[in-house]
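Take the given structure of chain A and dock chain B to it, following the hints.
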Amino acid sequence: MTTAEAQVRPIPSEAGPGETRPPMELADLSVMIGGQGGDGTLTVSDLLGRYFRKRGLYVYTSRNVLSRIRGGHADASVRSSRDPIAAVKAQVDVLVAFDNEAVEMGKAELAPHGFVLYDSTTFHVDLPSSVGFPFATLVGGPLGQPIFKNTAAYGALSVLLGFDPTMTRAVIEERFRRRGGEALEKNLKALEIGRKAALDAPGVANRYSVADGDAHDLILTTGNQAVALGFVVGGGRFFAGYPITPATEIMEYLQRYLPAFDGVVRQAEDELAAINMVIGASYAGTRVMTSTSGPGLSLMTEGIGHAGAAEVPVVVADCQRVGPSTGQPTRHEQSDLSHLANLGHGEFPRFILAPATPEDAFSITVDALNLAERWRVPVILLLDQALCQNTTTSHRFDLGSVRVDRGKRLSPEATARLQQFKVYEFTEDGVSAVAPPGTPGVWSEVTGNEHDEWGHVSVNPSNRVRQMKKRMEKMVKARDELPHARFFGPPEAKIGFIGFGNTAGPILESMRLLEAKGVAARFLEARTLYPVPVHEIDPFLKDVDVAYVVEHNYTGQFARLLRETMPWHHAKLRSILKYDGYTFRAPQILAEVKEAA
Amino acid sequence: MVQSAKPVPPTWCPGCGDFGVLAAVKRAAAELKIPTHELVLVGGIGCSGSIHNFLEINGIHALHGRLLAQAVGVKLANPSLTVVAAGGDGDGYAIGMGHFMHAFKKNASILYLVMNNETYGLTKGQASPTSQIGFEGNVEPPFHSILTALSIPAPNFIARTFSGDPKGMTAILAEALRFNREGRGFAFIEDLSPCVTYNDTYKLWREKVLDVSKLPGYDPTDRKTMFRLCLETTEQGRIPIGVMHRPKEPGHDGLEVKLVGDRPGPVRTDIGLAANLPAYEKLLSGLS
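Protein chains in written order, with this note's numbering: chain A, 1 to 597; chain B, 1001 to 1288.
If we strip away everything but chain A, and leave its shape as in the complex, we get:
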């Protein structure tokens, strides 16, 4: 490799020729890697994430892929910061491009001090701050295959960003060790090829520097992995699902985790079967879950209604994506809430819980399993694509706070002491005790038809009214046991934000931007969305002058629920909405806050 092979553009610099230019320190760095699907952009993102974690930095990675296996534009972004972050940065500091489309798409987001590092094998970039190396050609010769170009790009990037060479190499070893000797060896060679190219080119080495952080005992994980782990630890032992983006990883993780705990994971023939398999397993006495996304949720609606009527506990994780219909399978949205709040024909109770971070997804999944069994209702875990699939630094999941509450489940001994066993017995809290099939001496009938206390089909009008009240009043009686909202910001602030799920990260970041402008704001992060926690939201709304409800849909679905349940706050509620498939960047929220103008 000689510098002549590198397509070096003049790099604007305050320093003159021959002078040493001090690196620009980036305390909050965003790198975007783009190319064709199959170019290995996600691997570069993964390698960077690992490096930043070693340096004690907070990390947030997101990906933008198409619903196809290979080809088509794909990009990934990695953000690292010394402060906690849970959102994509508004501007890109360094763009790594494997094709021209990545440059065309990414340059609008490039910061004024930004830089483009690209693979010049097949195209050329005409931007002042850019450097191209023919990575595919450089690795293709010595390694026999161009596929290692992504690792070479990581090597060049490590030089550009002033990475520690030993740690840069350690990341490669960590990532490829499991793949075996040859893969590791070739990737290490590709790393050195990339590093050498960058070191030999003028003005590239140490152009930037990334300061170390002190966030060390953290993990880097996704919401989907957190939900799978929460399910195992919460005592979940039966899962049935059907592959669907962006929910599939939950099933894949459980296929890996559950067998060691005598659990069963089955891929069903469709979502109709998946939800009905978990209903059967739940009736049999196991803690169950299924996971899906919009189109699958539509199919599962029938079964969730059955579980609601028959009072069979189920947990359904909905990893929301862009809808309606097939929508945009790989893109982010929060547009299933209205459907879920009104889900199914007829009326039955349901709890809708929404975690904001992987750490919270872990604990809310445990809560969901407990609540489903304690109250014998369907519980929906409302997730969104960004929470499900983006990786975030998170505190280690806390086993100390895990508790397994099986509600009114009867032991064989307790069952034997009963006079009679009525599966739908009227009780103070509306929950009837259950003994699973196989409990000696008793048997039970459950049905989606209206039924009497014994589970026999009934059209008696007074029984109908009592059974309806038994079921529906659970939504009132369970109130204090449902996950509580979290509050951020000074209590005296008069500007309020309300959000759930992935919007928490961008909202918190926009509050920091507001604070820098001297504007104080508060944030209510709702974790139970339905039944609407009026007891939490009403006092919050009383205290603020205006509340911005931030959500990813067209109609303001959560804001509509708030207006419906608290019409007296109608005038205070304003919606900040986004439904283009991308998550909020903090400045986009800020732009909608009139008080900050």
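Treat the hints with care, as some may be off.
[As the list claims (entries may be wrong)] In silico BS3-like links for lysine-lysine, alpha-carbon gap of 25 Å or less: (1) A/54 with B/1282; (2) B/1167 with B/1203; (3) B/1167 with A/422; (4) B/1006 with A/422; (5) A/470 with B/1167.
Hints in this document: simulated from the structure, not taken from any laboratory.
Nothing here was measured: the structure is a model prediction, and the numbers come from that model.
Then chain B, alone, in the frame of chain A:
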């Protein structure tokens, strides 16, 4: 003795073929000495699907067409239970067709009992997937469940019975339940169960049924032979009944969780935190 739900009187029309099935289920369960608390019946939607209401039994009244998925869920969660899914031809072969085909593949050790009357009785006599051409304006050829079942290469027990022959039916039902309880896989029985009100076929079917075990070359362990015998019999205008497939080897059950004595199944595992803490800690320590 704890009082559990008592059976209610059957809601079927006098003379309904389903009474024969009810009696056969009771007799087979008694013969195999299956305790009531270990027997689960998942009923579909339609007249036949209410059979669990008329028995002392654990039951789920499932959604229309979804009984097989629920029954498989019960069995995988607790393999020590004896699980029967029972419903009609509309439930199983129309709205439930997807689950029907996959049940053979899944090969969970449950019994699926279809009471075929070639009509939708409960909604007052519309054509069903098994109706003959001309019945209530039906223009589609009838679905043949046995030929379909034989076409799926899985080690299942497959049979057809006739409510007009209660003795033969009880024997086959008992064999199917034994097959399930030995953990050998999925058992499917289609019972020809006439609807006396909308499609009274007793006389016709009594004339047309043909016990395939009487035919030369009968060998239920040989799928090819049985497919040919069933097809030929049907083409001759007869209705083949009897055991249509009985797998040679026991324990083809690789698709299912192992039975009692090996692993207890999800229901019987201790899910408490204390019992699992070291394993959970190990699982979580894998994150970095």
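Results for each hint:
1. A/54 with B/1282: Distance ~21 Å between residue 54 of chain A and residue 1282 of chain B Cα, so the pair holds.
2. B/1167 with B/1203: Holds, at roughly 18 Å.
3. B/1167 with A/422: violated, 35 Å
4. B/1006 with A/422: holds, 11 Å
5. A/470 with B/1167: At roughly 46 Å apart (the allowed maximum being 25 Å), residue 1167 of chain B and residue 470 of chain A break the hint.
The structure shown violates the earlier hints numbered 3 and 5.
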